[in-house]
Amino acid sequence: DVMRVLWVIASPIGDTARILFGTEGKYGSGHWIDDTSKSLVNNTNSTNNVELAIVTTSNVDSFIKKTTKNVVYYCLNMGKSQVGKRFSLDNSSKVKYVVEDFQPDIIHIWGSETGIGLLFAESVKDIPIVLCFQGVMTAIAKYPNGGLSRRQLTGFSILDLIKYPIFNKINKSYLRQSK
7 DVMRVLWVIA SPIGDTARIL FGTEGKYGSG HWIDDTSKSL VNNTNSTNNV
57 ELAIVTTSNV DSFIKKTTKN VVYYCLNMGK SQVGKRFSLD NSSKVKYVVE
107 DFQPDIIHIW GSETGIGLLF AESVKDIPIV LCFQGVMTAI AKYPNGGLSR
157 RQLTGFSILD LIKYPIFNKI NKSYLRQSK
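So the sequence shown is residues 7 to 185, counted in this note's numbering.
Calculated directly from the structure, the hints in this document are not laboratory data. Hints are supplied without guarantee of correctness; some may be wrong.
To be verified - Listed next, with one range per pair, are the computed distances between beta-carbon atoms:
| no. | residue 1 | residue 2 | range |
| --- | --- | --- | --- |
| 1 | G153 | Y103 | 40 to 46 Å |
| 2 | N48 | L137 | 21 to 27 Å |
| 3 | Q140 | K75 | 24 to 30 Å |
Said to hold, decoys possible - Keeping only pairs whose Cα atoms sit at most 27 Å apart, straight-line, the calculated DSSO-like set for lysine-lysine is:
| no. | residue 1 | residue 2 |
| --- | --- | --- |
| 4 | K102 | K148 |
| 5 | K44 | K71 |
| 6 | K44 | K102 |
| 7 | K102 | K75 |
| 8 | K102 | K91 |
| 9 | K71 | K91 |
| 10 | K86 | K131 |
| 11 | K72 | K86 |
| 12 | K44 | K75 |
| 13 | K91 | K131 |
| 14 | K148 | K75 |
| 15 | K71 | K86 |
By construction, the Cβ of each residue, glycine as well, lies at the ideal position given by its N, Cα and C atoms.
Kindly produce the complete structure, drawing on both the sequences and the hints.
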């Protein structure tokens, strides 16, 4: 049996950008998704047959579909997917076209921070969806130490003087990334 998996990613990165546009992605290296997709589709274990499609969105004039030996790539012409930006449900016909074209058994949404994943979740009701949370830095920034005080984390020792600056840096890092 073959499992058909549709990945939804916020931005054209890595191999997705190279195959769709012939350029490097503007939004990150994509190494994590490239390595994961290659591992998934190049697995020679005959009991693990997977067909993969990757869909994203960008500022393109029209819908793009490109097929390689192992992966089908789609780019929807809905503009750049931005953190906190919802796409109109008017775009659900584009989502449904990709789903009808590829006919996935499961949809895997990589990231919760942009609107493309939400649009898929709102538009597709009859296919299981897996969501990997990403982009929740604002929430993490509120509770970087799991809600524990420095005293609870460090105890009472001379090391408190050394450890406190580390926690301050971590807190500031989360706050910076959440903006």
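For the pair supplied as a hint, K102 and K75, confirm whether the alpha-carbon distance does not exceed 27 Å.
-> 24 Å, holds
Does K148 lie within 27 Å of K102 when you go C-alpha to C-alpha?
-> Outside the cut-off at roughly 37 Å; violated.
Hinted pair K44 and K71, Cα distance within 27 Å = With a Cα-Cα distance of about 19 Å, the restraint between K44 and K71 holds, given a limit of 27 Å.
With respect to the beta-carbon atoms only, verify the hint that G153 and Y103 lie 40 to 46 Å apart.
-> 44 Å, holds
Is K71 close enough to K86, meaning Cα to Cα at most 27 Å?
-> OK: K71 and K86 at ~17 Å, within 27 Å.
Starting from K71, check that the Cα of K91 is at most 27 Å away, please.
-> Holds: K71 and K91 sit about 24 Å apart, inside 27 Å.
Range hint 21 to 27 Å: satisfied by the CB atoms of N48 and L137?
-> Because 25 Å falls inside the window, the suggested range holds.
Verify the proposed pairing of K102 with K91, using a straight-line Cα cut of 27 Å.
-> Distance of about 20 Å is within 27 Å: holds.
For the pair supplied as a hint, K44 and K102, is the alpha-carbon distance within the 27 Å limit?
-> 26 Å, holds
Take the C-alpha atoms of K91 and K131, compute the straight-line distance between them, and say whether it is at most 27 Å.
-> 21 Å, holds
Given the hint that K86 pairs with K131, test it: the Cα-Cα distance must not exceed 27 Å.
-> Given that 27 Å is the threshold and the Cα spacing comes to 24 Å, the pair holds.
Per the hint of 24 to 30 Å, is the separation of the Cβ atoms of Q140 and K75 within bounds?
-> 28 Å, holds
In this structure, the earlier hints numbered 4, 14 are contradicted, and the remaining ones agree with it.
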